[in-house]
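A.B. asks: One letter stands for each residue in the lines below.
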Amino acid sequence: GENVEQHPSTLSVQEGDSAVIKCTYSDSASNYFPWYKQELGKGPQLIIDIRSNVGEKKDQRIAVTLNKTAKHFSLHITETQPEDSAVYFCAVLTGTASKLTFGTGTRLQVTL
Amino acid sequence: NAGVTQTPKFQVLKTGQSMTLQCAQDMNHNSMYWYRQDPGMGLRLIYYSASEGTTDKGEVPNGYNVSRLNKREFSLRLESAAPSQTSVYFCASISKELTYEQYFGPGTRLTVT
Numbered sequence: 001g002e003n004v005e006q007h008p009s010t011l012s013v014q015e016g017d018s019a020v021i022k023c024t025y026s027d028s029a030s031n032y033f034p035w036y037k038q039e040l041g042k043g044p045q046l047i048i049d050i051r052s053n054v055g056e057k058k059d060q061r062i063a064v065t066l067n068k069t070a071k072h073f074s075l076h077i078t079e080t081q082p083e084d085s086a087v088y089f090c091a092v093l094t095g096t097a098s099k100l101t102f103g104t105g106t107r108l109q110v111t112l
Numbered sequence: 113n114a115g116v117t118q119t120p121k122f123q124v125l126k127t128g129q130s131m132t133l134q135c136a137q138d139m140n141h142n143s144m145y146w147y148r149q150d151p152g153m154g155l156r157l158i159y160y161s162a163s164e165g166t167t168d169k170g171e172v173p174n175g176y177n178v179s180r181l182n183k184r185e186f187s188l189r190l191e192s193a194a195p196s197q198t199s200v201y202f203c204a205s206i207s208k209e210l211t212y213e214q215y216f217g218p219g220t221r222l223t224v225t
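Taken in order, these protein sequences are the chains called A and B.
Going by my numbering, 20 is the number at position 20 of the first sequence; the sequence numbering is gapless.
Going by my numbering, 205 is the number at position 93 of the second sequence; the sequence numbering is gapless.
Honestly, the hints are just simulated from the structure, not real lab data.
Hints should not be assumed to be uniformly reliable.
[Stated by the list, open to error] In silico lysine-lysine, DSS-like type, Cα no more than 30 Å apart, as pairs:
#	chain 1	residue 1	chain 2	residue 2
1	A	K22	B	K169
2	B	K126	A	K71
3	A	K37	A	K22
4	A	K58	B	K121
5	A	K57	A	K68
6	A	K57	A	K71
7	A	K22	A	K58
8	B	K121	A	K42
9	A	K42	A	K58
10	A	K68	B	K169
11	A	K58	A	K68
12	B	K126	B	K169
13	A	K42	B	K183
14	A	K42	B	K126
15	A	K58	A	K71
16	A	K57	A	K42
17	A	K42	B	K169
18	A	K37	B	K183
19	A	K22	A	K68
20	B	K121	B	K183
21	B	K126	A	K68
[Said to hold, decoys possible] Computed Cβ-Cβ distance ranges for the label pairs, DEER-style:
#	chain 1	residue 1	chain 2	residue 2	range
22	B	D168	A	N3	17 to 25 Å
23	A	Q60	B	M139	23 to 31 Å
24	A	T111	B	E164	45 to 53 Å
[Said to hold, decoys possible] Output of the computed footprint for chain A on chain B, the stretches with three or more beta carbons under 8 Å from beta carbons of chain A:
#	segment
25	129-137
26	156-170
If you're wondering where the values come from, they're calculated on a predicted model, not measured in any experiment.
Just so it is clear, CB atoms sit at the ideal spot from N, CA and C, and this is done for glycine as well.
For reference, chain A alone in the conformation it holds in the complex:
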């Protein structure tokens, strides 16, 4: 089955700095790559996604890049703010039943 690796597991940045989280996947047939944000005590929520026919997608301060050849994709957060502190999960769509395989998560802490 699909194998998704996510790094780093924890990331601490100062407010205003950029944060980058990387994921690699194993199935070259995968074609949908979402990122979820999970705040304390809540369920994950989609923040951005990218499909395999696109190399980069941006939404205000967040962006996702995809390298299909190397089978990795990254989340970029610029001008980080305290409210960006959360756990972030990458995921990869696998199979025909819209199943997502998740990475192990990155705990991002934005310090003042």
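Based on these hints, arrange chain B on the given structure of chain A.
C.D. replies: Here is chain B on its own, set in the frame of chain A:
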């Protein structure tokens, strides 16, 4: 719309006890999923239901059963709880017709002693 709702929010069980976690969505989604979340392991799929009347095993189905009661409701049952099932459980649903975005419930924190 309430989105995806889960009950209960918290539960403590003794080893061997049984319980059912309830999940409902009001978005008319076809597919529903149950995940468990453990520290350092991300979200792992337990069971899913691609449509009303169908269910399939995910990555970690042992010790669990599910029922897709109707299009709205998808329940997860632990017949004989074990300490290894201590976890946070999330239900999710998806509308493939529009996007692959999965909508998650708030979770159930289960402790088995």
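A.B. asks: For the pair supplied as a hint, A:K42 and B:K126, confirm whether the alpha-carbon distance does not exceed 30 Å.
C.D. replies: holds (25 Å)
A.B. asks: Does the alpha-carbon distance linking A:K57 and A:K71 stay inside the 30 Å limit?
C.D. replies: holds (16 Å)
A.B. asks: Counting residues of the segment 156-170 of chain B with a beta carbon closer than 8 Å to any beta carbon of chain A, are there 3 or more?
C.D. replies: This one holds; 6 residues, not fewer than the three required, reach chain A with a Cβ under 8 Å.
A.B. asks: Are the Cα positions of A:K37 and B:K183 separated by 30 Å at most?
C.D. replies: Satisfied, since the Cα-Cα distance of roughly 27 Å is no more than 30 Å.
A.B. asks: For the segment 129-137 of chain B, count the residues whose Cβ lies under 8 Å from any Cβ of chain A; is that count three or more?
C.D. replies: Since three or more residues must qualify, the claim that chain A covers the segment 129-137 of chain B is violated, with 0 doing so at under 8 Å.
A.B. asks: Under the criterion that the straight-line Cα-Cα distance not exceed 30 Å, is the pair A:K22, A:K58 satisfied?
C.D. replies: Holds, at about 16 Å.
A.B. asks: Does A:K68 pair with B:K169 here, judged by a C-alpha cut-off of 30 Å?
C.D. replies: At roughly 29 Å apart (the allowed maximum being 30 Å), B:K169 and A:K68 satisfy the hint.
A.B. asks: Is it true that the CA of B:K121 sits at most 30 Å from the CA of B:K183?
C.D. replies: holds (22 Å)
A.B. asks: Is B:K126 within 30 Å of B:K169, Cα to Cα?
C.D. replies: Roughly 25 Å separates the two Cα atoms, so the pair holds.
A.B. asks: With a cut-off of 30 Å on the C-alpha distance, tell me whether A:K42 and B:K169 pass.
C.D. replies: Since the Cα atoms of A:K42 and B:K169 sit roughly 25 Å apart, the hinted pair holds (cutoff 30 Å).
A.B. asks: Please verify whether A:K37 and A:K22 have alpha carbons no more than 30 Å apart.
C.D. replies: holds (14 Å)
A.B. asks: Straight-line Cα separation of A:K22 and A:K68 no greater than 30 Å?
C.D. replies: holds (13 Å)
Checked against the numbered hints given earlier, the structure breaks hints 2, 4, 21, 25 and satisfies all the rest.
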